[in-house]
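A.B. asks: Sequence:
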Amino acid sequence: MNDKKILAILNEFEPAEKAYRRLYSANPYDNIPPVKNWKDFVTQYTKNMKSPVDIPTEPISDIATYFYESQFFSPRAMTPQKPSPNAFEMVYPPVANSECIIFKHLRYLPVFDHALEFVKLVYVFQGSSIFNLTHKTYELPAGSLMVVGPNTVQSFFAPHDEDLVLNIIMRTSSFEKMFLPLLMESNELSDYFWQMLYEKDFSSILLFHCRGNKEIRHLVLQLYYESQINHIHSLLIINSYILLLFAQLIRNHIEDVQRLSGENNARTTAKIFQYITEHKTEVTLRMVAKHFGLSEGYLSRYIKSRTGYTFTTLVQKLRLKEAAYLLINSKLSVEEIVYHIGYTDVSNFYRAFKESYQMTPGEFRGLYS
1 MNDKKILAIL NEFEPAEKAY RRLYSANPYD NIPPVKNWKD FVTQYTKNMK SPVDIPTEPI
61 SDIATYFYES QFFSPRAMTP QKPSPNAFEM VYPPVANSEC IIFKHLRYLP VFDHALEFVK
121 LVYVFQGSSI FNLTHKTYEL PAGSLMVVGP NTVQSFFAPH DEDLVLNIIM RTSSFEKMFL
181 PLLMESNELS DYFWQMLYEK DFSSILLFHC RGNKEIRHLV LQLYYESQIN HIHSLLIINS
241 YILLLFAQLI RNHIEDVQRL SGENNARTTA KIFQYITEHK TEVTLRMVAK HFGLSEGYLS
301 RYIKSRTGYT FTTLVQKLRL KEAAYLLINS KLSVEEIVYH IGYTDVSNFY RAFKESYQMT
361 PGEFRGLYS
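Under the numbering used here, the first residue of the sequence shown carries the number 1, and numbering increases by one thereafter.
Hints are computed from structural coordinates only; laboratory data are not their basis. Wrong hints could be hidden among the right ones.
List of simulated lysine-lysine pairs, DSS-like, C-alpha gap at most 27 Å [stated by the list, open to error]:
{"no.": "1", "residue 1": "331", "residue 2": "354"}
{"no.": "2", "residue 1": "4", "residue 2": "18"}
{"no.": "3", "residue 1": "271", "residue 2": "304"}
{"no.": "4", "residue 1": "304", "residue 2": "354"}
{"no.": "5", "residue 1": "18", "residue 2": "50"}
{"no.": "6", "residue 1": "5", "residue 2": "136"}
{"no.": "7", "residue 1": "18", "residue 2": "120"}
{"no.": "8", "residue 1": "120", "residue 2": "200"}
{"no.": "9", "residue 1": "200", "residue 2": "214"}
{"no.": "10", "residue 1": "280", "residue 2": "317"}
{"no.": "11", "residue 1": "331", "residue 2": "120"}
{"no.": "12", "residue 1": "18", "residue 2": "36"}
{"no.": "13", "residue 1": "36", "residue 2": "47"}
{"no.": "14", "residue 1": "36", "residue 2": "5"}
{"no.": "15", "residue 1": "47", "residue 2": "18"}
{"no.": "16", "residue 1": "317", "residue 2": "290"}
{"no.": "17", "residue 1": "5", "residue 2": "18"}
{"no.": "18", "residue 1": "280", "residue 2": "331"}
{"no.": "19", "residue 1": "104", "residue 2": "36"}
Cβ-Cβ distance ranges computed for the label pairs, FRET-style [as the list claims (entries may be wrong)]:
{"no.": "20", "residue 1": "137", "residue 2": "65", "range": "15 to 25 Å"}
{"no.": "21", "residue 1": "7", "residue 2": "37", "range": "29 to 39 Å"}
{"no.": "22", "residue 1": "332", "residue 2": "66", "range": "38 to 48 Å"}
{"no.": "23", "residue 1": "65", "residue 2": "4", "range": "35 to 45 Å"}
{"no.": "24", "residue 1": "215", "residue 2": "139", "range": "20 to 30 Å"}
{"no.": "25", "residue 1": "310", "residue 2": "30", "range": "33 to 43 Å"}
Predicted model, so just to flag it, every value in this text is computed and none were measured. Glycine included, every Cβ here is placed at the ideal spot set by N, Cα and C.
Could you put together the complete structure from these sequences and hints?
C.D. replies: Right, here's the structure in full:
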């Protein structure tokens with residue numbers, strides 16, 4: 001389907017959007033601070049109400065303070081689903097069973113603070129959106145694209161008919177397998193995802209300014225279309241589109257990316273990951289500590305506190321990650337890969353790889369050949 005037709009569909013008002021617009025038109029709630037549930041919203045709305053209007057006792061759409069992967073992603077992700085007759089009543093329709101899901105942020109949805117167990121990309125396609133983060137408010141114009149990490153409390157508000165905001169959510173638990181080529185890059189975006197995957201209590205957001213990038217607009221629309229039709233091959237196409245989207249961000253917008261939350265020294269962990277990977281065949285705790293000017297004891301404790309892994313376990317995980325990348329992107333034999341990543345025992349490698357990826361190296365390579 002061409003972009004104009006997809007855009008026309010997106011601009012149509014869902015029943016939930018119409019219901020929220022009715023409440024907003026009667027009594028605008030721009031000044032109501034972010035709330036945590038429907039009851040709190042009704043209380044605040046009633047307190048400021050000037051024009052009488054019927055208020056639903058139950059939420060018009062899905063509302064929660066925390067959303068889990070299990071609510072969006074299911075084992076049926078690889079199986080095409082037919083849309084439910086009542087799919088329009090839900091923010092996240094059953095047709096959207098996939099490792100990646102793309103859906104529209106409801107216009108006029110009140111501002112609800114919430115966090116996610118998964119990764120979310122938010123793209124302001126047209127109009128604008130109000131973004132709230134830890135008591136700070138940002139007005140995002142069209143072309144803004146945010147990468148929202150898991151466990152980050154945030155909220156969005158789109159209070160105009162012309163506002164069009166799209167959410168792309170991705171299962172964190174399978175992110176590494178789906179987007180391994182991205183992780184092998186060396187830039188702010190790959191650093192961000194390294195931290196997301198390996199740091200405990202990670203909470204951070206990246207903001208890209210992509211106004212005028214027609215390729216990103218096209219990719220987002222096609223992502224939405226593939227997510228909705230959920231064809232048997234849609235997952236492969238969606239993953240490819242998302243990699244292309246990330247490539248556009250790296251090629252054209254990485255220089256002016258903003259990190260809106262997270263610790264100032266958080267990139268240190270990502271640099272350690274990269275250093276270990278670059279010196280994978282001979283890396284030791286002493287070697288890494290010397291390079292970063294740290295004591296071995298401090299570095300060991302730092303890695304454990306930031307990632308939850310010992311140095312030895314982290315090295316193994318990073319080696320296996322590169323092995324997986326080489327299995328997909330090279331013609332090296334398994335034995336050559338074992339040597340390349342610094343393993344000295346092939347049988348130990350096979351055992352560790354199968355434990356990490358739930359399949360043998362040959363089976364893993366076969367999935368991508």
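A.B. asks: Look at each hint and say if it fits the structure.
C.D. replies: Each hint, compared with the structure:
1. 331 <-> 354: This hinted pair holds, its Cα atoms lying about 20 Å apart.
2. 4 <-> 18: 22 Å, holds
3. 271 <-> 304: Given that 27 Å is the threshold and the Cα spacing comes to 15 Å, the pair holds.
4. 304 <-> 354: Roughly 24 Å between the alpha carbons, so the hint for residue 304 and residue 354 holds.
5. 18 <-> 50: 20 Å, holds
6. 5 <-> 136: Violated, at roughly 36 Å.
7. 18 <-> 120: 25 Å, holds
8. 120 <-> 200: 18 Å, holds
9. 200 <-> 214: Not satisfied, since the Cα-Cα distance of roughly 36 Å exceeds 27 Å.
10. 280 <-> 317: Roughly 11 Å separates the two Cα atoms, so the pair holds.
11. 331 <-> 120: 34 Å, violated
12. 18 <-> 36: Holds, because 22 Å separates the two Cα atoms, which is no more than 27 Å.
13. 36 <-> 47: 17 Å, holds
14. 36 <-> 5: 36 Å, violated
15. 47 <-> 18: Within the cut-off at roughly 22 Å; holds.
16. 317 <-> 290: 22 Å, holds
17. 5 <-> 18: 21 Å, holds
18. 280 <-> 331: 20 Å, holds
19. 104 <-> 36: 21 Å, holds
20. 137 <-> 65: 15 to 25 Å: This hint holds: roughly 19 Å between Cβ atoms.
21. 7 <-> 37: 29 to 39 Å: 33 Å, holds
22. 332 <-> 66: 38 to 48 Å: Roughly 43 Å apart at Cβ, these two residues keep to the hinted range, so it holds.
23. 65 <-> 4: 35 to 45 Å: 38 Å, holds
24. 215 <-> 139: 20 to 30 Å: 25 Å, holds
25. 310 <-> 30: 33 to 43 Å: Check failed, 50 Å falls outside 33 to 43 Å.
Checked against the numbered hints given earlier, the structure breaks hints 6, 9, 11, 14 and 25 and satisfies all the rest.
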